[in-house]
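Chains as they are written, first to last, in my numbering: chain D, 23 to 254; chain Z, 23 to 254; chain Y, 23 to 254; chain V, 23 to 254; chain E, 23 to 254; chain H, 23 to 254; chain C, 23 to 254; chain W, 23 to 254.
Misleading hints may appear alongside valid ones.
Stated by the list, open to error - Derived DSBU-like pairs (lysine-lysine); straight-line CA-CA distance at most 30 Å: (1) W:Lys-246 with E:Lys-246; (2) H:Lys-246 with C:Lys-246; (3) V:Lys-246 with Y:Lys-246.
If you're looking for bench data, these hints aren't it; they were derived computationally from the structure.
8 protein chains.
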Amino acid sequence: MTGETPAAQVDLDRLRRCGFPEVVFSPGKTVTAIADIFRSLLAHGQDCFATRMSAEQARELIEQFSTARHNPTARTFHVPHAGTAPARSTGGRVVVITAGTGDLPIAEEALETARWMGCETDLIVDVGVAGPHRLPAQRHRFADADAIVVAAGMEGALPSVVGGYVSCPVIAVPTSIGYGASFQGVAALLGMLNSCAANVTVVNIDAGFKAGFVAGLIARNIAKVRHGESEA
Amino acid sequence: MTGETPAAQVDLDRLRRCGFPEVVFSPGKTVTAIADIFRSLLAHGQDCFATRMSAEQARELIEQFSTARHNPTARTFHVPHAGTAPARSTGGRVVVITAGTGDLPIAEEALETARWMGCETDLIVDVGVAGPHRLPAQRHRFADADAIVVAAGMEGALPSVVGGYVSCPVIAVPTSIGYGASFQGVAALLGMLNSCAANVTVVNIDAGFKAGFVAGLIARNIAKVRHGESEA
Amino acid sequence: MTGETPAAQVDLDRLRRCGFPEVVFSPGKTVTAIADIFRSLLAHGQDCFATRMSAEQARELIEQFSTARHNPTARTFHVPHAGTAPARSTGGRVVVITAGTGDLPIAEEALETARWMGCETDLIVDVGVAGPHRLPAQRHRFADADAIVVAAGMEGALPSVVGGYVSCPVIAVPTSIGYGASFQGVAALLGMLNSCAANVTVVNIDAGFKAGFVAGLIARNIAKVRHGESEA
Amino acid sequence: MTGETPAAQVDLDRLRRCGFPEVVFSPGKTVTAIADIFRSLLAHGQDCFATRMSAEQARELIEQFSTARHNPTARTFHVPHAGTAPARSTGGRVVVITAGTGDLPIAEEALETARWMGCETDLIVDVGVAGPHRLPAQRHRFADADAIVVAAGMEGALPSVVGGYVSCPVIAVPTSIGYGASFQGVAALLGMLNSCAANVTVVNIDAGFKAGFVAGLIARNIAKVRHGESEA
Amino acid sequence: MTGETPAAQVDLDRLRRCGFPEVVFSPGKTVTAIADIFRSLLAHGQDCFATRMSAEQARELIEQFSTARHNPTARTFHVPHAGTAPARSTGGRVVVITAGTGDLPIAEEALETARWMGCETDLIVDVGVAGPHRLPAQRHRFADADAIVVAAGMEGALPSVVGGYVSCPVIAVPTSIGYGASFQGVAALLGMLNSCAANVTVVNIDAGFKAGFVAGLIARNIAKVRHGESEA
Amino acid sequence: MTGETPAAQVDLDRLRRCGFPEVVFSPGKTVTAIADIFRSLLAHGQDCFATRMSAEQARELIEQFSTARHNPTARTFHVPHAGTAPARSTGGRVVVITAGTGDLPIAEEALETARWMGCETDLIVDVGVAGPHRLPAQRHRFADADAIVVAAGMEGALPSVVGGYVSCPVIAVPTSIGYGASFQGVAALLGMLNSCAANVTVVNIDAGFKAGFVAGLIARNIAKVRHGESEA
Amino acid sequence: MTGETPAAQVDLDRLRRCGFPEVVFSPGKTVTAIADIFRSLLAHGQDCFATRMSAEQARELIEQFSTARHNPTARTFHVPHAGTAPARSTGGRVVVITAGTGDLPIAEEALETARWMGCETDLIVDVGVAGPHRLPAQRHRFADADAIVVAAGMEGALPSVVGGYVSCPVIAVPTSIGYGASFQGVAALLGMLNSCAANVTVVNIDAGFKAGFVAGLIARNIAKVRHGESEA
Amino acid sequence: MTGETPAAQVDLDRLRRCGFPEVVFSPGKTVTAIADIFRSLLAHGQDCFATRMSAEQARELIEQFSTARHNPTARTFHVPHAGTAPARSTGGRVVVITAGTGDLPIAEEALETARWMGCETDLIVDVGVAGPHRLPAQRHRFADADAIVVAAGMEGALPSVVGGYVSCPVIAVPTSIGYGASFQGVAALLGMLNSCAANVTVVNIDAGFKAGFVAGLIARNIAKVRHGESEA
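Model the full assembly from the supplied sequences, consistent with the hints where possible.
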């Protein structure tokens, strides 16, 4: 089932196959094109979620979709479908942790994504490894997570340390924070791929959405069993 | 709690913190050093699992640990602890899929890891994207997985296609199979990091162990809820 | 035979040797320089085609060449020579396929190039691999192509899948669409170079012109035989 | 239609979809596995062709497939199927050109591939650009090709020069010949991707098979029209 | 002997050691700093030459140094010292050749440098390899050069071809002209470093000054012998 | 003052200028050449120290220099000069820490270097970040160091964590331990260069000698003041 | 001890552990966030130092912290705490040397950092290796340093030469000065990592702060002994 | 004029065009192929010179060409043609300088090449920049060179320093000597490309032949004028 708009072929079947509707990646799309996709999704009873939305795009779209929620830091845009938006806090628990304050936009993108998927979320900021007492002090907040997202730039060392404390998967998202030999996030990416902690996987540089999505998927699939839902 | 052997500080507390004992990465370690670590683990009631073990190392160790299971393709070595080895098939369901036959050693490493973690496993080989009918023909075998590992070299396109069919996380492991501009797995790694499927995360090149571990962790955490275990 | 203008040596003999006139790459050239080249070509009875033309360049040139056709998305500029422009749809059939909507400018550049060469063209958009049912649904539109151009960014997986369906060459053009580890098209380029489909060749990142040109050349050389033209 | 052997899923339908049977990439496959695939293909009336075959693999296989033709320089292995092998010289004309003598193994791989596809072939060696009179002296041998393969290492400049003389596509294959900043073929690959000749496309480093296959496909599709075959 | 200005230590002894005065690299220097260096040089009877000068810098400096010659395309700035400027055309013969028109600014920088060194110069533009008849047609203009500079972007193939025609050194300067896999001149740089012509050496990307300087040095050292000057 | 041997110009003045004699880098040197350098140093009353010495080189040299000390793990070779070898433990305190057991050869090279410089040394092994309790448990052993060397491969995260605990400089030495995207130590190198700890500097991959030398220099310069030596 | 501000967790314990308070990296932080951190530090009796501060940030902060010292070239911002700022010239002697005038901003950042740490400092500019007499002429100014910072872009050769003259550590900081194959400082970084001088360590590209900090730490730890302070 | 041997097209016209005969690059060529080329050259009165010749190749060839001179360190092989070998020391003066003893094989290749071209040569070894007094001490030996080759690995800093002392061109050849971040000569290559000395050009990594050839060409072209030969 494909919803053909003038500029795109909306994958309306994705909700059935993959558990969540298609998500719109906003850069390079006109406001008209995004609105067309949103309407196609809504017409088929599906929730709309967009990422990397610019302030300009959001300003115009909010006029057409008055129930939308735009988070300018996360650059996300959510148009809930009246009947179908997943209830918050029935989708498991996702914790997002950042090494520095500069990682916040990516962390927020992950958070908004997990929230859109119905997960309960928590955010722990600025607990990078150079202040070794800061992370353990927050341990009670992430010990019982179903999945953890760790956003870090520069050397990207934090996911390994977090991974050493928990028995759930850690989704590491390298950020482009840094300069010089950080090479726009490459140093962090390589560090995370080479993590000595066995429970750490990695997504693309600055891919807050994908980190939040995988964490949300892990958490939701556990929650479905926990809540007795029939599994897909 | 640390078990100090002459050559290493065994992290005996990892089982409690992370759900599974420390795993031995064999390259560069002497047989004596590995045997010391194994004995330290066994003495504390923990299962022993080692990866990247050479035929030479295995030949010598099997004489000391007669109950061990060595998979020469996967290069894994498992010394089960009498009382504590997790029961097979109570740890959720992990499916491993390969693009080509050359990806088999890495796929086997992932399989053995997930089996060691108590997961039920299945292996689907040689369903790369250039034969587009091969993957859908196997869909019934991976549709109900708790987590899927996809091993692929060269262009690394298979995880995206698998990701488009399922609602569970896909752990993509790039392999060093290929030549020329595959750059020993870099092409596959980059392809997987840029996957257009939202449920795909990535581990290091040839990191069959880590892919299997994360998949096993996801599956086992679901299975624990399913089987009514108290969660960590 | 060389047409020396103040800034360039126009290769007026290329039409005879290579089947088509020299094409102007616009960046870094002044409007005067481009106009000089156009006039030199027209004076020798040759069609004028330019790529990567900016809106500013086009605005000024259109005043001097009133019969020109400018496609601002493709950034192409075509000044047909009265007597010699190849008849549309006698040059074989070229189909252009894109993975996402962001690949459209490059796809349009390929399309305009193939049209300029006299080919019949078709465009299929937004059929990336994460929605696995979308491409097969369009199969009737590309099955009988003489050559296919596939434009894709990010992981660049689509050409392999298209290649698995057809018996004509597939010209893969990586686009710079993506972020982070897409490295401005490098991930897609490497993926395409490592394609497991045997009928896939590759051109430079964002090289819509070259992809369209090679596809057009293949299609036209078949069409010449089909239409009984004497071959070069 | 898939032929499942113990180690592989042979794509028996590829002949119908793509015009030629699946080709075996030999590295990492056991002789038994290759023999199984060959028998599966032969049982379905399909020709067998393998690339990158080692001397050891060939020695054992030749005992089982006595009609096979092994080219040790090209590392190709061909087991013709009695009734179906395409007639030589009805598949169009492919010319292979090399810059130096070190490029010969890759050139031979391309030649053998095109011959297997039924093309008439010619080989021109050692006409690199530093001896500028050598290529034009051979022009009569490549002027009427349906497709040209150019193999070159080091700086990879030859395809551009060849491209400037002809009106057919040029398939450039970078070779890993060179040292230092040739980076095992990367310099040649980049040179070819940036070729200023519009009719040049590129395949992977050392990918003689793919270069020969695409050239053979172009030539054969023209030849089919020329010979009045019904087109696919 | 060092001329200390507030911001720099001018190497006033360089003329004696190296044959020419220190040359000013303008980026990042204030107009005041450049003027101070110029005055220090002039006060010691030395000629002033600066490269990479912006239009803004030049506009202000020309007011202070009214005899200066500014070439805005080359971005060079020359303040001749009354008594010491080398006589034009007594410094040997340098020819600069470009592959395309986009290479002109770098070629001009090389030309101005060689002229400042007193060389007779010639410029041949737009004779890239895809039009194979264009370079031989100009052969009479570069056959008797003492040194040749070849500026080329994209694939950087032209120096090898030029090198094959002459018995003088060819200084290859890769330019950042191109897009995609040209990587801002890296493709051209690698091509030139791997040139199969033995008489080709290479300078940094876009280093028109250095190419012109080395060519000028070679030409001038020959000319000194030719004109009977005592050699350094 | 230079000691010319047939194959080298020994920098006999380095002891005076830099505080320690020239050190021999053994690869690519013949045993005769090394012995010549040693004799030249000894003749001028200087201690001999060599790195990266192969077992073969050491076997032959030990016969000529019977007082030598060879550490085969560190690959160092020390021929003390009777009167001048610095007294152990008067050169300050250097602690070497490793992330894993594979980093031991590089750590040993650093240790031997610091010992040769007269420093008191300590070695702490296998305290990588994934076992977060292991490093703090050893804190008493490194808290009072004058300089610390941290050797780590893979992600290279340990120096940042160590740096967060101490007020002395940390010299980070990336090792080539790891696989896949560790790129022979590049991942660790980039991680260390981007360390968020302000007291971390970096040396080349596997450069145990340089790490040990800089740490030894820092420690010795403090010790000189501490012991009332006149400073250089 | 952590001072939680709305946007950050200030590491108030760092002064005790590492000898100096936490330093603020300004990019990406709001003026409010920086002011909050400053107030938190001041409230705990700690000195405030910030790097990479923009002119805009500084302009607003200077209004709130009237005793602050802003160096616009160095982009540093210092709010001394009345009672605790370390006395100038009791922290040892740090010399900063630059290869060219373009390296000045990074050199100034290192200087200001060392000054903030209480060190006596000196700056020697524009003594790059192509003018070989310039550095030795300044030798009296750097011979007695406790630590030396060398900032250089382009080829980054200066630290090796400086290292050959002294018996103290040299902290090399590569700068992004240069063009083409300098790759924004990568060429200098690699040169410095491969320095043949044993006393050279390296920090990140443009990391003036870190270079100054490590040099300051070395100098201060010597000075503490020299001045009879009790050591940490 | 081309001499076609079974495996190659010998460029017999190169002596006329470029001043010296074609040189054989030995790797990948059979002894028979090399001997064929030598005979073709000798038959046309041309001198034979080959590079990168293995000990095995040389052993077999010396039996066929008894007047040949083989330098095993340089890996060169020279078969002089009775009547035509250029007289030694009439071709100008070339000096080769190395940074370390490991650079000797490349330096020897350059030396042998320049000697083959008839130049007078000198070799200065082991004068790297960390011993700053060693180079100036040899200045009298290189001050009057017509061209200088500098071979250096690791950081590649020596050419800049040499360049600062002389008024002739310096041909820098990076060697693959080093480890870790030397990346097999890439660090030295980048350093040399970014040299701050204006008279430095660069050839490929380990390209001793090309460095020697260009230096020889410069020297010989001066010598021709000096000796009153008619110029080409």
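Check each numbered hint from earlier against the structure, then list the numbers of those it violates in ascending order.
none
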